[in-house]
Structures are given as C-alpha cells and as structure tokens.
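Colleague: Listed below, chain by chain, are the residues.
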Amino acid sequence: MPKIKLPTKSPHIDMTPMVDLFSVVLIFLMLTTTMRQPEPANVDTPFSISETPLPDFNTMTFLLSTDGKVFMNFDNGPDTLLKYRPKILAEMGKHYGIEFTDVELRNFERQKSSLGVPILQMKDFLNAKDNNARTSLQTGIPIDSTDNQLANWILYARKVNPNIKATIKGDSDTGFDVVEKVLDILQEKNVSRFNLITSLESTKINLEEIQQ
Amino acid sequence: MAEIIVEEKGGKKKAKKHAPHIDMTPMVDLMCLLIVFFMLTTAFSKAKVMEIILPEKIKDPANQQAPKILGSRTLNIILGPDNKVYTYPGSVKAEDLAAVPPNLPPLSETDFSAEGIRKVLLDKNRMLARKIAEFNRDVISGKIPISQDSAKNAISALKNDDDTGPIVLIKAYKKANYGNFVDILDEMNICGIASYMFTKIAWYEEKMVETAAGITPVATSSNNP
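Line by line, the protein sequences give chains B and U.
Quick note: the first sequence uses my numbering, first residue 1, plus one each step.
Quick note: the second sequence uses my numbering, first residue 1, plus one each step.
Because the hints were derived from the structure by calculation, they are not lab data.
For every residue, glycine included, the Cβ atom is placed at its ideal position computed from N, Cα and C.
Accuracy of the hints is not assured; some may be wrong.
Mimicking BS3-like on lysine-lysine, the simulated pairs with C-alpha atoms at most 30 angstroms apart in a straight line are [stated by the list, open to error]:
| id | chain 1 | residue 1 | chain 2 | residue 2 |
| --- | --- | --- | --- | --- |
| 1 | B | Lys69 | U | Lys46 |
| 2 | B | Lys83 | B | Lys69 |
| 3 | B | Lys87 | B | Lys159 |
| 4 | B | Lys165 | U | Lys174 |
| 5 | B | Lys69 | U | Lys175 |
| 6 | B | Lys123 | B | Lys181 |
| 7 | U | Lys46 | B | Lys159 |
| 8 | B | Lys181 | U | Lys175 |
| 9 | U | Lys200 | B | Lys69 |
| 10 | U | Lys143 | B | Lys181 |
| 11 | U | Lys57 | U | Lys152 |
| 12 | U | Lys93 | U | Lys200 |
Quick list of the computed label-pair ranges, beta carbon to beta carbon [claimed, not checked]:
| id | chain 1 | residue 1 | chain 2 | residue 2 | range |
| --- | --- | --- | --- | --- | --- |
| 13 | U | Ser150 | B | Arg193 | 20 to 28 angstroms |
| 14 | B | Val103 | U | Glu210 | 53 to 61 angstroms |
| 15 | U | Ser91 | B | His95 | 38 to 46 angstroms |
| 16 | B | Thr52 | U | Lys119 | 51 to 59 angstroms |
| 17 | B | Arg193 | U | Pro105 | 32 to 40 angstroms |
| 18 | B | Thr80 | U | Thr199 | 40 to 48 angstroms |
| 19 | U | Glu134 | B | Arg106 | 53 to 61 angstroms |
| 20 | B | Asn163 | U | Asn160 | 21 to 29 angstroms |
| 21 | B | Val103 | U | Asp82 | 47 to 55 angstroms |
If we strip away everything but chain B, and leave its shape as in the complex, we get (with noise of 0.2 angstroms):
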C-alpha cells in the first residue's frame, strides 16, 4: 500500500471573507461617528427617564465638574459660515479691552472641547503650543459676583446667537450650591428654559402599582 504523502505546504486560511466582514463593520463605524471631544473634566451625567435627543446647533453647554468649576462651550452654528464661535469671543474681547487677531480667532473657533478659561488668559491659552499648556489653563470660568465673566459669555452668546439654549451637563456628584449659581446667573439674564443632559435609563410604573 502506498503511503499517502501529506503536503509539506503550511495550511492557508483564506482571508477574503474577513476581508469583507470587516469592511461592513468599518464602513458602519465611519458613517455612524461622529467624534467625542475631550473635555476638560471627566462628568458621569446622572439617568433619567427623558428621551429627546441633544439638538445638534444652537445650544450653549455649561460644563459642571465635581470640583465646583463652571465651563461653557458653544457650537458655531447650523451653518459655518456663520462663525458664531470667533463672533462671541470678538464681543467678549471688546468688553474686556482685548484685541484678539485673526489667527486667534480661527484658533477659538478650531476648539471644539469646553472652556475654563478667564478671559485674561484666553490669548495665552489660544497662542499655548501645546496641549498640556492649554489644560493648565483650564481654571473654571469665574463666577464670582465681582468678576462674572459667565454672565458676559452668556450676554453675548445670546446677543450673536439669539436662538442659542441653554444646556447644563453636571456630574451626578455636583454640589448643588455651583448649580444653584449658574441657574442664578442664567436666571438673572432672562434666561428660564434650561435643558438638563442626560444617559437614558428605562423605568416604567404599572397599572397595578397605581390601583392597589
């Protein structure tokens, strides 16, 4: 009997199909994205019931951390052409006797996680090399009655945007007496429709727990 010759070939595995496996799945995930920013503090938002979704445009969010410090950022509006972004620092330079340059600007504009800078040093902070100089900076806005500087965001992000909204993302450890300021100082601007951000979490109550 002969003996049957085992091929001295190392086995193949064909790849193609996880070639295309993949691609279905990266595709997906391309098309599906859209990018975390970093943000300047770490925030576990508290669970509610709530199912409408974050407008995409014209909100202002404030940014509270568990250590008390207040951060705002906002979006450039539906269209980019509208700039909304460079427009309010512009205003808030203007108030504050600070000329910013156009390279600046577009700096302001580019960044697109929270702020918590006071606007003194906002020039140092846009013109920082890099990131690590930029985190440094990121004290809290000061929202002190002497010096408001959140109250002036807030004015001039509404006089450039005036359909913006106000969103506040706080971490479930917040101290309320921070929480209590912004909804002060927003409330001192007019400003009463507030929307709270959210991770869904699905509770229901049934009938028989109500008639018992």
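With chain B's structure known, arrange chain U on it following the hints.
Modeller: Relative to chain B, chain U alone:
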C-alpha cells in the same frame, strides 16, 4: 502570519487554472486597527436631555404677589445631604414662624428608591397617574389609534385638566448634589406630576433639615431674620 511558499522541485510547471492568490493578511491587520480606532472614538448613543423651566426671576418683589396655592394640595420636597429626601405637606403659617422657638412641622425622611419618594408621589397623584397609565396602555394595545406626537399632547392635556394631584415644591438644601436634583425631576416625570416647580429653600426649611439630619448649622443663612 506570512505564508511560506514552498517551491515544487522539478517537473513541468502546469499553468494553474485558478486566479492568482493575493495575501489578505496585512489588509486584515490594517482594518482591525481602523475598526478599533473608530469603536473607541465613537459616541454611539446621543446624549439625552431633560427640559426644565424655572420661574422668571422677580426683579421687583414689592409689587409682586405670591401665587395663591391650596395648602392642602401642596407637597414640599427638600433634597437633603447624603442622598436623603425630606417631605412635609402644606406650608408653615406665619404665626408658627413668629413663635420662639419657631413651631415647625416635622419632616418625614425618605430616599430615591422605588419604595421611597416614588411611593409618596404616586399615593398623592393616584388619579392622574392612573389616567395616564390607562391612556398609555390603550395606545399601545391599539384601542386608541393615535400618533406618538398627539399622544404626548393628549397626556399634557390630561395633566392640564387635573385638579386633584399635588402641587410639588422642590427645594434643595445646600449640601444636596446635582444627581439628586435630576433624580427628583425625573421622579416627577415618572409619576406624571402635573404641577411642580423648583424654588429657593427658606431659612426655616434649612433649619428643619438641620434638625432632622442632626447637623449643627455652620453659617446662618443670609435671609435669616
């Protein structure tokens, strides 16, 4: 995982019939990297928002009259320290406040669980909550053919017509946290409370929380007479 090509020795080389083979392994490697990158940077679920409307600030308190609400329907909820919630019904009368020491109503303590504050609210809001729950059930089972938007409007109409449920006043003690605030507003939505609002805590309510939680007051409130 490179493929080892073993050359066949000698013999005539037969023209192979099948298509030339391309090694896909590097492509798979690349795609793996890209997929991992996209998966880590993607924020899949969009953030949800909960809307809250605060009463407008009264700029001129002398000319304003406080809104009249029925004491019997009022429920005060005070967010306390350490995730505790305190409730008391009605309001404190002026003569009780003027007494020395002020004659304050007792607070009942509860928490954010389904057995805690939700039970208190549902007990008070039974009529309306049942109406809403029955309406929702009928919509789901198809008894009432209605679109989702109109269902929302119908529910808010039910809430507007309601005149039996509690009027909830939410107040926060200074040591409460933001999570408590969102939780209590969420509880309002879950229980279908028709009228609730968030107001500033009064000095005597701070005192009530401090006695109930056993805290010695650190600094006296500014509106303490």
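Colleague: Are the hints correct? Go through all of them and say.
Modeller: Now the hints, each set against the structure:
A distance of roughly 24 angstroms separates the Cα atoms of Lys69(B) and Lys46(U); the hinted pair therefore holds under the 30 angstroms criterion. Annotation: proposed proximity of Lys83(B) to Lys69(B) holds, straight-line Cα distance about 27 angstroms (limit 30 angstroms). Distance check on the hinted pair: Lys87(B) and Lys159(B) sit about 10 angstroms apart at the alpha-carbon level, within 30 angstroms; holds. A hinted pair counts as satisfied when its Cα atoms are at most 30 angstroms apart, and Lys165(B) with Lys174(U) qualifies at roughly 26 angstroms.
For the hint pairing Lys69(B) with Lys175(U), the CA-to-CA distance comes to about 16 angstroms; that is within 30 angstroms, so the pair holds. A distance of roughly 27 angstroms separates the Cα atoms of Lys123(B) and Lys181(B); the hinted pair therefore holds under the 30 angstroms criterion. Only pairs whose Cα atoms come within 30 angstroms are accepted, and Lys46(U) paired with Lys159(B) is accepted, the gap being roughly 28 angstroms. For the proposed pair Lys181(B) and Lys175(U), the alpha carbon gap of about 13 angstroms is at most 30 angstroms, so the pair holds.
The hinted pair formed by Lys200(U) and Lys69(B) meets the criterion: a straight-line CA distance of about 22 angstroms does not exceed 30 angstroms. Proposed proximity of Lys143(U) and Lys181(B) is contradicted: the alpha carbons are some 48 angstroms apart, above 30 angstroms. At roughly 29 angstroms between alpha-carbon atoms, Lys57(U) and Lys152(U) fall within 30 angstroms of each other, so this suggested pair holds. Pair hint Lys93(U) plus Lys200(U) holds up; C-alpha atoms about 18 angstroms apart against a cutoff of 30 angstroms.
Our hint of 20 to 28 angstroms for Ser150(U) and Arg193(B) holds, since their Cβ atoms are close to 23 angstroms apart. The hinted window of 53 to 61 angstroms between Val103(B) and Glu210(U) holds, with their beta carbons roughly 55 angstroms apart. Between Ser91(U) and His95(B) the Cβ separation comes to about 43 angstroms, which falls inside the hinted range of 38 to 46 angstroms. A hinted range of 51 to 59 angstroms for the beta carbons of Thr52(B) and Lys119(U) is inconsistent with their spacing of about 27 angstroms.
Distance hint check for Arg193(B) and Pro105(U): the Cβ-Cβ separation is about 33 angstroms, which falls inside the suggested range of 32 to 40 angstroms. For the pair Thr80(B) and Thr199(U), the supplied restraint of 40 to 48 angstroms holds, since their beta-carbon distance comes to about 42 angstroms. In this structure the hint that Glu134(U) and Arg106(B) lie 53 to 61 angstroms apart at CB holds, the actual value being about 58 angstroms. At about 27 angstroms, the CB distance of Asn163(B) to Asn160(U) agrees with the hint of 21 to 29 angstroms.
One distance hint, 47 to 55 angstroms for the beta-carbon pair Val103(B) and Asp82(U), holds here, with the actual separation near 50 angstroms.
Hint compliance for this structure: hints 10 and 16 are broken, all remaining hints hold.
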